[in-house]
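Residue numbers (the numbering used here), protein chains in the order written: chain A, 1 to 241; chain B, 1001 to 1233.
There's no promise every hint is true.
[Claimed, not checked] What the simulated footprint calls covered on chain B by chain A, stretch by stretch (three residues with Cβ under 8 Å from a Cβ of chain A suffice, anywhere in the stretch; the number is not a length):
| # | region |
| --- | --- |
| 1 | 1078 to 1086 |
| 2 | 1095 to 1107 |
| 3 | 1143 to 1151 |
| 4 | 1157 to 1165 |
[Said to hold, decoys possible] Okay, the calculated beta carbon distance ranges per label pair:
| # | chain 1 | residue 1 | chain 2 | residue 2 | range |
| --- | --- | --- | --- | --- | --- |
| 5 | A | Y6 | B | M1091 | 57 to 67 Å |
| 6 | B | M1091 | A | S46 | 19 to 29 Å |
| 7 | B | M1091 | A | I26 | 55 to 65 Å |
| 8 | B | L1134 | A | I26 | 24 to 34 Å |
[Unchecked claim] Chain A side only, calculated, beta carbon under 8 Å to chain B, not exhaustive:
| # | residue |
| --- | --- |
| 9 | L25 |
| 10 | P36 |
| 11 | N38 |
| 12 | F41 |
| 13 | I150 |
| 14 | Y157 |
| 15 | W161 |
| 16 | D164 |
| 17 | N166 |
| 18 | Q175 |
| 19 | I179 |
| 20 | N182 |
| 21 | G189 |
| 22 | I227 |
| 23 | V230 |
| 24 | I231 |
Read the hints as simulated data drawn from the structure, not as lab findings. We put the CB at the ideal spot given by N, CA and C, even for glycine.
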Amino acid sequence: MNILRYILNFFLSLKTTLWFLGILLILFLVGAFIMPGNKAFQQLHSIPLIDWIQKQPVKDIWWLWGIIGVLAVIAVNTLFCSVDSIIKKRKVTQWLLLIAPQIIHMGFLFMLLAHLLSAFGASQRNANVMEGSRLRISDDTILNVEKIDIEIDYYGYVTAWKVDVNYISGNETLQTDRIMPNTPSVFKGFNVNIRNLKPHPQKIALLQVNREPGAMWALAGGVLFIIGIVILIAFKRKIDK
Amino acid sequence: MTLLALSFGSYLFALWKRPLLYLGLILQAAYIVSRGAELGRLPLVGPHDTIAFLAASIAAFSIPFGYALRNRNSFFNIIAVVTAAFTAFSMLSKAHNSPLPPVLKTFWFEFHVVLAFMSYALFGIAAVLGSMYLKEKDTVLEGLQYRAILIGYCLFTLSMIFGGIWAYLAWGTYWVWTPKELWTSILWAFYSFQLHAQWWAGRPMAYMSILGFAIVLFTYLGVSLLMKSSHSF
């Protein structure tokens, strides 16, 4: 019973938040100096983080394991503190002021969830394609590159592009799309965009097929986070006046 | 460039006559607008333009903070020195005049950069207020320092969200593991720490504000100039 009480107090404490945020900062700092010199990190986006991390020698990525562990503790700590705060302060009249930090916390947890989902399911594939190229993106779907248009200015810079694609399953065309700068083609969780283009001697596009299952959660988390902070700033102004 | 040189002079002479700080800001804003008109885009690529924008943001945000202070002369004097120093650095940096790659021509990128530099400016003001607190021990300074960090943190988070949306649209992922993203996380975690550590009021908080701005400068200039990342100049 005492152990349970100890664990509860540990996760309810703001000191836990600060200690672990401090450790997180140190681990990020270590990583920021180790990462640039390590070639293994260039492969990081091609497979899910969890698969990648297990294949790396511990001496290179121990700090990344540390970050994952610390973030897990901070996530539980955030959840416990939010619930505790709502229970303790539920009778306050200014409920928006009570709820604002919890909205921020929820936003943060959504962002962590997004990274967790991406860590297990994100992937990236690159392929050089020409007009008429076909690329299998899943067991039953083929991506067909219909047309590549490249706009080049007087100095030879690529100023815009349009790549028409369609998704085919058997003899059926499932979706027709156009990829442009900052306008990817999104199909069943895949994000298809163009990384590079070569206009001569033949039009070639470096196509990238991404899967990012956490994207929507990250967006939702970010929006919640901002809503919470804006409410907090507005109330602080009101209280200060 | 003449406008920028004049704004540098105005900031410097604002040490004697404060209205010259406002003149410096107007001249710098005029320079930024003229650069935008010349390039046909938001002039916020490369150290020359971004540092000029940072200096102008610090000068602009300093006005409401300065007028909430009793000892505003010291505050505006430090701001004058800081903005003059950044403007000088901007003048020494090479301007990026070539056309932007197509993926940078989006308002997601523009908002991402504008918000990031506005937040950096607020973190800079918090550092100035922190350094003044170490000398004067005025609680008003401490309150304003907290407010600058809170608003800066809000803008910084918004900038990260806009950057994430832009990265998803441009490259299919909202997060890329490069030194810049790691340093951005360090900055975000640092200010999260500072906003939570409220019982460390007084000197520790002031020192943290100064340290925070040092991390801002490294995240902005150090990483972009020294390390290979998605944000290299």
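Status of the hints after comparison with the structure:
1. 1078 to 1086: violated (count 0)
2. 1095 to 1107: holds (count 7)
3. 1143 to 1151: n = 4 at 8 Å, threshold three: holds.
4. 1157 to 1165: It holds, with 6 qualifying residues against the three required.
5. A:Y6 x B:M1091: 57 to 67 Å: Because 59 Å falls inside the window, the suggested range holds.
6. B:M1091 x A:S46: 19 to 29 Å: Distance hint for B:M1091, A:S46 is violated at roughly 43 Å.
7. B:M1091 x A:I26: 55 to 65 Å: The hint (55 to 65 Å, Cβ to Cβ) is violated, given that B:M1091 and A:I26 are roughly 37 Å apart.
8. B:L1134 x A:I26: 24 to 34 Å: Given about 25 Å between the Cβ atoms, the range holds.
9. L25: Check passed: Cβ of A:L25 comes within 5 Å of chain B, closer than 8 Å.
10. P36: Holds, about 5 Å.
11. N38: Because about 11 Å separates A:N38 from the closest Cβ in chain B, which is outside the 8 Å limit, the hint is violated.
12. F41: holds, 6 Å
13. I150: violated, 10 Å
14. Y157: holds, 5 Å
15. W161: Interface hint status for A:W161: holds (7 Å vs cutoff 8 Å).
16. D164: Because about 17 Å separates A:D164 from the closest Cβ in chain B, which is outside the 8 Å limit, the hint is violated.
17. N166: Interface hint status for A:N166: violated (19 Å vs cutoff 8 Å).
18. Q175: Not OK, violated: A:Q175 not within 8 Å of chain B, min 17 Å.
19. I179: Hint on A:I179: violated, closest Cβ of chain B at ~11 Å, above 8 Å.
20. N182: holds, 5 Å
21. G189: Violated, about 11 Å.
22. I227: violated, 11 Å
23. V230: holds, 7 Å
24. I231: violated, 11 Å
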